[in-house]
Amino acid sequence: MEEKLPSAKPKSYREISIRDLSPDELLALSESMKLSLSIEDMIEVQLYYASAMRREPTDVELECIAQTWSEHCKHRIFGARIEHVGSEGEEVIDSLFKTYIKSVTERIMEKKPGFVLGCFVDNAGFIKLDENQAICLKLETHNHPSAIEPYAGANTGLGGVIRDILGAGKGAKPVASCDIFCFGPPDTKSSDINADDVIHPLGIMRGVVRGVRDYGNRMGIPTICGAIQFDSSYVYNPLVFCGTAGTIPISDIDKEMSPGLKVIAVGGRTGRDGLKGATFSSMALDTESHEEDQQAVQIGNPIEEKKAADFVIEARKKNLIEFITDCGAGGFSSAAGEMLSEVGGNLYLERAPLKEPGMTSWEIFLSESQERMVLAVKDESMEALKELSEIYETELTEIGNSDDSGILKVWHDNELVCELDNSRLHDAPTRRLNSSFCVDAVKKYELSEDDLAADLDVVISDFAIGSREPIIREYDHEVQGNTVLKPLAGSMGDAPQDASVVKVDGSDHLMSIGLSLLPEWGKTDPLAMGKATVDECFRSLVASGANPEKIALLDNFCVGNPEDSTELGMLVETCKGIAQGAESYSAPFVSGKDSFYNYFETSDGPVSIPTTCLISGMGVVDCASHVTGASIRKKGSLIVMLGITDSKMGGSVYARIKGLTKCAVPNTDFSKALKGYNAFHSAVTEGLILSAHDVSEGGLGVAIAEMAFSQVGGVTIDLEALPSTGKVGKAERLFSESPSRILIECDPNDLDRLKMVLEGTDFSVVGKVTADDQNLLITSGAEKVLEVEIAMLKEKWKNVLTPYY
Amino acid sequence: MEERTNALLLKYPGTNCDFETARALEAAGFSTKILPIARFTEESLKSIQLVVLSGGFSYGDYVMAGRLAQLETERRVGDALTRFRDSGGYMMGICNGFQILTKLGLLPEGSLIDNVSGRFICKWVRLNRNTDSSPFLKGLPESFELPIAHAEGRFIAPSGLAESYLEDGLAALLYKDDINGSSCQIAGLTDETGRVFGLMPHPERFLLESHHYDPDWKREDDGWGTGYFIFKSIFNEISEGVSNQ
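Protein sequence lines, in the order shown, are assigned to chains A and B. Quick note: the first sequence, position 237, residue 237 per the working numbering, numbers continuous. Quick note: the second sequence, position 88, residue 88 per the working numbering, numbers continuous.
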């Protein structure tokens, strides 16, 4: 009996028989193991093992393939062949990604050589800042984890994207973060939530904000910009986008694997937290998710990550890193896959430091425990790296090596538990999908002009508009001491800005970060939404002082059910819109991410989110004097409107408040807009702009109020003076969200020069800053439309969220 | 070779304002070294005139802010910092550094606990200078602004002590308004020697004029923000002392 003990140790892996299974049995296996693989995928796997490998797979291999092929990791819907029926008839789209994102960027890169220094391949997209440094940006979603465990979900969402930056190039330095949320309205009635265990939007909001706060603040990375959308369609499936920007010497962007390197893990230990996160993210949510899938949500430890970050930055500066990536979705399996997929190599699971004993092979290989970085380093660098790990008190473990076999071999206690020929592993079958979308007939409404003062009150007090100050103040947005255009600024320090700008150490150039999402537009016209999000993001960057020639974009999509042809059709139309925008502005996409299956099975059937497209961007501000705030600075200034106002109200806050559905959504005229932005930027470089604010949600009424919240003086605006097309009523002039418009404050002495610079664009002087009072006075020619005390308006605006947060 | 005035910035796991604080010290004239605590020994204090503990979340501040940093410092060097102070050395603690210095007993008795609001607060605040003698605040205006960013900044002390600090000028820096519930609105303290100074606001984040939230904020034409003058003040004090020796 005693002799048998050694072999009594249970095997850490098992073989799974799939050779003789029928397609239905294969699908049943995929479901019972929660692999999220389709029948077609499973048949492909069966074929691979029967013909190429001539054996049965291990559970480690199946789990690994499931992670690699998951929607979360592989973006198979963006790579799918889609038969689309749109307003222009039928067409076949061979990959949304290739057609509307990658090829657009490639054409722009040809036009602007040397600007994009890396896109789509690495963990973030890079653009040139100056001769020596590059900036990079990455945004991720963490929707399902945040729905189930808001604090931990958002916490690790930010932690994960920070690691993306640490793993970008040979280790970029994270310098700023942003966060964008879509929640149900704070005043949602609990009785209106038709499913058990769904967390009320308030619980989601508080948990998510604190999760971001506690990770970002502890990491010492300023959270400098963001946005929140409130809509009842997000009650069951909230969206949480986290983004981080970094800086890196241009010479440290390129990294390459080669045979004979050591593979080391740095940072946190590996545990059972975060098992199968990638496959979990690729399924719809339901009440059971709340009960069963908690294991899929990771636990964050920002100090562990801070130590690893200090280590990585120092190691990169000392030139000790050949290749680096983070352990994100898929854990070691994706990190090792990325590093060893071409050269080949070995990974030894028993060497990985564990949080708990008794973990099986696949659990170690697939765990998504946080705060882990994987590096490939030269043998001779090991001593210096070990010293750094002691100095920064972070654990360093050699877990494998690269060779020249082209095959990834994973060992556990001297047994080969996974052997994958990576050239085949990444070949997931192409999906085929159908989609259709045409904009419904739109309605025309007569808008009441009876009480525009009351309307302004309601709009400024809407959840879409109200100040985000209670949340912004919980984030340290000044750590690192480089935030020069802060999320709240102006002479009182509490007025909203368009984009945020940070200085970059060692450069005269600065980095601006801006974003846009307009899900309300997409409900009626996703093509127009796609166009306008690119326009708004680009415009916010230009308004803050960025050079329009030096702007790059990121696309992040969240969609409900891609198997629903209308939902997929809306995505296709959105993609067309953003592609047109990027191409017109020569603003390349350098990174992006998509998240599907954002719907929830309620007792009344599935509830999908609206097609949501977040466009974020980074822009280069050429010098500090170009940084432009969005708050009025001087009594006596003139207010100039750049861009045309039209009567289309679709997607606007005003239309939603008034219950006007199916309104025509504004179109974006990119060539006119770009002409305006280029002229605006010339005015910035000539020092003719005191402040400037993009006109977006809430229209002119909100934009001018927000500019006036610096409370420098009173403001008068004449609606009749606005550049406009067609018949535009007073309510439309005040609340239309026509794109491409910027409000400018200029010194009257500079007006003649400004007029010369703006010549050929649509602009006019529409108002002035007065010294006599502190009121906002809106007129239409000689007629007074409304007059309100700015302080009163501001008080309302400041207290929209305070009762809830 | 010109003799430089040396500052040593101690970095704990979770310290995150070290870079910009070192930048501010350098700008004021100090030769500055950032030293991770894992390499800190009593030897490290040789030829150092100013020890700085910068902001951050040492060890995550999961127990009382600064507590683990205090224990680790004492485990490594015992009372070396106290002896450093007693032998004429200067010390400055910003935010988390203030919390750590308080825990180490290098500042007047008291504690920094959760803000009354229970929230993290990141904003610019107005401060009043309540001392004429602190070497860290010479030449600073009576009243000025600095940004704060903390969750545990409410200073409390046993009954009557905060009032006495106010009286004898140890409470060197006061919030003009009640920001976080601090007793007597104390924002910064010095010890009785005057050589140790702790403050919750972040002077390193107002090094330059362009750091101010108001683009029209202006002092003079030299481009410096108010925070710079805190570092400059202590640099002048120490370098005069060094050159007089």
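Since the hints were made in silico from the structure, they are not lab data. Every residue, glycine too, gets a C-beta built ideally from N, C-alpha and C. A couple of the hints might just be wrong.
Not close to chain A: a few residues of chain B, all C-beta gaps over 12 angstroms, as computed [stated by the list, open to error]:
id, residue
1, R4
2, D18
3, G60
4, R67
5, G227
As a list, the in silico DSSO-like pairs of lysine-lysine whose alpha-carbon atoms are at most 27 angstroms apart [what the hints assert, rightly or not]:
id, chain 1, residue 1, chain 2, residue 2
6, B, K218, B, K138
7, B, K33, A, K386
8, A, K635, B, K138
9, A, K784, A, K768
10, B, K33, A, K317
11, A, K189, A, K634
12, B, K138, A, K318
13, A, K796, B, K218
14, A, K768, B, K218
15, A, K102, A, K675
16, B, K176, A, K796
17, A, K634, B, K218
18, A, K255, A, K74
19, A, K798, B, K123
20, A, K634, B, K123
21, A, K635, B, K123
Listed below are several chain A residues computed to face chain B (Cβ distance under 10 angstroms; list not exhaustive) [unchecked claim]:
id, residue
22, R210
23, I299
24, P302
25, E393
26, E446
27, N482
28, T483
29, S631
30, R656
31, I657
32, K658
33, G659
34, L660
35, A664
* Asked: Does the structure break any of the earlier hints, and which numbers would those be?
  -> Hint check: 2, 3, 5, 8, 11, 12, 13, 23, 26, 30, 31, 32, 33, 34 and 35 fail, others pass.
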